[in-house]
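Enquirer: Residue strings, one per chain:
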Amino acid sequence: MIGLISSLVIPAVLLSAGMLMFRRGEYFNAFVKGAMDGLKCTAELVPTMVILISALYMFTKGGAAELLTRLFTPLCESLRLPAEIVPLAVTRPVSGSAATATFASLLEVCGADSYPAITAAIMMGSSDTLVYVIAVYFSKTRVKSTVRVFAIAAIGSLLCLFLSSVLARVFFLGDCI
Amino acid sequence: MLGKCFFLICVISVAASVFTGNVSALSDAVLEGAARGVELVLTMAGMMCLWGGIMEVFRTAGALEKLSRLLSPILKRIFPKAFSTGVGKEEIIATVSANMLGISSAATPFALKAMEKLDEVNDIPHTASDDMVTLAVLGCSSISLFPTTVIALRHAAGSAAPYSVVVPIWICSLICTASVLLLCSLTRRKNRGQL
Numbered sequence: 254m255i256g257l258i259s260s261l262v263i264p265a266v267l268l269s270a271g272m273l274m275f276r277r278g279e280y281f282n283a284f285v286k287g288a289m290d291g292l293k294c295t296a297e298l299v300p301t302m303v304i305l306i307s308a309l310y311m312f313t314k315g316g317a318a319e320l321l322t323r324l325f326t327p328l329c330e331s332l333r334l335p336a337e338i339v340p341l342a343v344t345r346p347v348s349g350s351a352a353t354a355t356f357a358s359l360l361e362v363c364g365a366d367s368y369p370a371i372t373a374a375i376m377m378g379s380s381d382t383l384v385y386v387i388a389v390y391f392s393k394t395r396v397k398s399t400v401r402v403f404a405i406a407a408i409g410s411l412l413c414l415f416l417s418s419v420l421a422r423v424f425f426l427g428d429c430i
Numbered sequence: 222m223l224g225k226c227f228f229l230i231c232v233i234s235v236a237a238s239v240f241t242g243n244v245s246a247l248s249d250a251v252l253e254g255a256a257r258g259v260e261l262v263l264t265m266a267g268m269m270c271l272w273g274g275i276m277e278v279f280r281t282a283g284a285l286e287k288l289s290r291l292l293s294p295i296l297k298r299i300f301p302k303a304f305s306t307g308v309g310k311e312e313i314i315a316t317v318s319a320n321m322l323g324i325s326s327a328a329t330p331f332a333l334k335a336m337e338k339l340d341e342v343n344d345i346p347h348t349a350s351d352d353m354v355t356l357a358v359l360g361c362s363s364i365s366l367f368p369t370t371v372i373a374l375r376h377a378a379g380s381a382a383p384y385s386v387v388v389p390i391w392i393c394s395l396i397c398t399a400s401v402l403l404l405c406s407l408t409r410r411k412n413r414g415q416l
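Residue numbers (my numbering), protein chains in the order written: chain A, 254 to 430; chain B, 222 to 416.
It cannot be assumed that every hint is accurate.
Derived lysine-lysine pairs resembling BS3-like cross-links, with alpha carbons at most 25 Å apart [to be verified]: (1) A/LYS397 / B/LYS338; (2) A/LYS393 / B/LYS338; (3) B/LYS338 / B/LYS297; (4) B/LYS310 / A/LYS393; (5) B/LYS287 / B/LYS334; (6) B/LYS287 / B/LYS310; (7) B/LYS334 / A/LYS397; (8) A/LYS393 / B/LYS334; (9) A/LYS286 / B/LYS287; (10) B/LYS338 / B/LYS302; (11) B/LYS297 / B/LYS334; (12) B/LYS302 / A/LYS397; (13) B/LYS287 / B/LYS225; (14) A/LYS393 / B/LYS302; (15) B/LYS310 / B/LYS297; (16) B/LYS287 / B/LYS302; (17) B/LYS310 / B/LYS334; (18) B/LYS287 / B/LYS297; (19) B/LYS302 / B/LYS334; (20) A/LYS397 / B/LYS310; (21) B/LYS338 / B/LYS310.
Selected chain B positions facing chain A (Cβ under 10 Å, derived; list incomplete) [what the hints assert, rightly or not]: (22) VAL239; (23) GLY254; (24) LEU395; (25) SER400; (26) VAL401.
No wet-lab data here; the hints were simulated from the structure. All C-beta atoms, glycine included, are put in the ideal place defined by N, C-alpha and C.
Start from the sequences, fold in the hints, and give me the full structure.
Expert: This is the structure in structure tokens:
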């Protein structure tokens, strides 16, 4: 059922966009503009992705990732989390592009449809770079103490991590929590 | 921030490779990683291009305004003070709607303006007011209707069904957002004053 909904979402979105473009020509121009922006945005990713993926390859091939995973396996197992997600869980709140690169290398190491990768995908999609967001949001205000915001946001991203693994198990492994 | 991240990853990698006796693998890994970085962005590019365009079509068709109208009754409950005084109301609605549509380039300026306005009416200037906390927390747990990057990367990594995570992502962000909002209202200044 969920699989069916998921696979219908995209055609429905495309169809409604197509309908808009069919009705008025200017919407196609909008498409071209947006697509160009998307392309530029992706091109700007290249330098950061290159440097971070290189570093992460060193991290994986040099054995650091394995050590880290082994270190966290007992803790993660007792929480029923995949240990492979630890590097991503650390980078996600701190830096958006570092998280993107970590996510990409996780997908490669574990396989795009593996349990750790699905957990990571759900987490990536439903949380944000909280350190950056909070820093930017409060940058122009007189507020000095953001402890309460950080605390709530941190609890939120921990919850997101657990929930991601639960949802990954429920939807993709057919496990009943 | 990224510079520090890079340095930290390098230090840990080198240290770990010495520990596991794997130093020779490092230089190969860097070469491979650099190439893979470009490759990855290239495989993502088509997807990002297509979805960037489609989102722009919806934006021109007035999706932001429609979503704003849809959201304002809900946001009224979440930001009681801003909505009763009207200060920062428009900006809050715009921020949340833009975040949901995944247009962070539009959401950030709205958020900054909203925060500035909320700061002006903040009666305890150095600690964030309830509405400010709520807006920042909402910005962190932003529900995104369409997680383009995640799907593009899943596709690039050869997933059999890159889109299959969309519904779980909605469920996850909905539950997380609801819980952080609950936390926000539980820690309101008024309640803490009474304690």
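Enquirer: Each hint needs a verdict: does it hold in this structure or not?
Expert: Evaluation of the provided hints:
1. A/LYS397 / B/LYS338: holds (16 Å)
2. A/LYS393 / B/LYS338: Holds. A/LYS393 to B/LYS338 sits at ~10 Å (cutoff 25 Å).
3. B/LYS338 / B/LYS297: Status holds; Cα separation ~17 Å.
4. B/LYS310 / A/LYS393: holds (18 Å)
5. B/LYS287 / B/LYS334: Answer holds: B/LYS287 to B/LYS334 is near 21 Å, not above 25 Å.
6. B/LYS287 / B/LYS310: holds (16 Å)
7. B/LYS334 / A/LYS397: With a Cα-Cα distance of about 18 Å, the restraint between B/LYS334 and A/LYS397 holds, given a limit of 25 Å.
8. A/LYS393 / B/LYS334: Within the cut-off at roughly 9 Å; holds.
9. A/LYS286 / B/LYS287: Holds, because 21 Å separates the two Cα atoms, which is no more than 25 Å.
10. B/LYS338 / B/LYS302: Measuring from Cα to Cα gives roughly 12 Å; hence the hint holds.
11. B/LYS297 / B/LYS334: holds (18 Å)
12. B/LYS302 / A/LYS397: holds (21 Å)
13. B/LYS287 / B/LYS225: violated (42 Å)
14. A/LYS393 / B/LYS302: Given that 25 Å is the threshold and the Cα spacing comes to 20 Å, the pair holds.
15. B/LYS310 / B/LYS297: holds (9 Å)
16. B/LYS287 / B/LYS302: Between B/LYS287 and B/LYS302 the Cα gap is close to 23 Å, so the pair holds against 25 Å.
17. B/LYS310 / B/LYS334: holds (11 Å)
18. B/LYS287 / B/LYS297: Given pair B/LYS287, B/LYS297 holds - Cα atoms ~16 Å apart, limit 25 Å.
19. B/LYS302 / B/LYS334: holds (17 Å)
20. A/LYS397 / B/LYS310: holds (23 Å)
21. B/LYS338 / B/LYS310: holds (9 Å)
22. VAL239: B/VAL239 check passes; min Cβ-Cβ to chain A is 9 Å, inside 10 Å.
23. GLY254: holds (3 Å)
24. LEU395: For B/LEU395, the interface hint holds, since the closest Cβ of chain A sits about 9 Å away, which is under 10 Å.
25. SER400: Nearest chain A Cβ about 6 Å off; hint holds.
26. VAL401: Constraint on B/VAL401 satisfied, holds at 4 Å.
Consistency note: the structure conflicts with earlier hint 13 alone.
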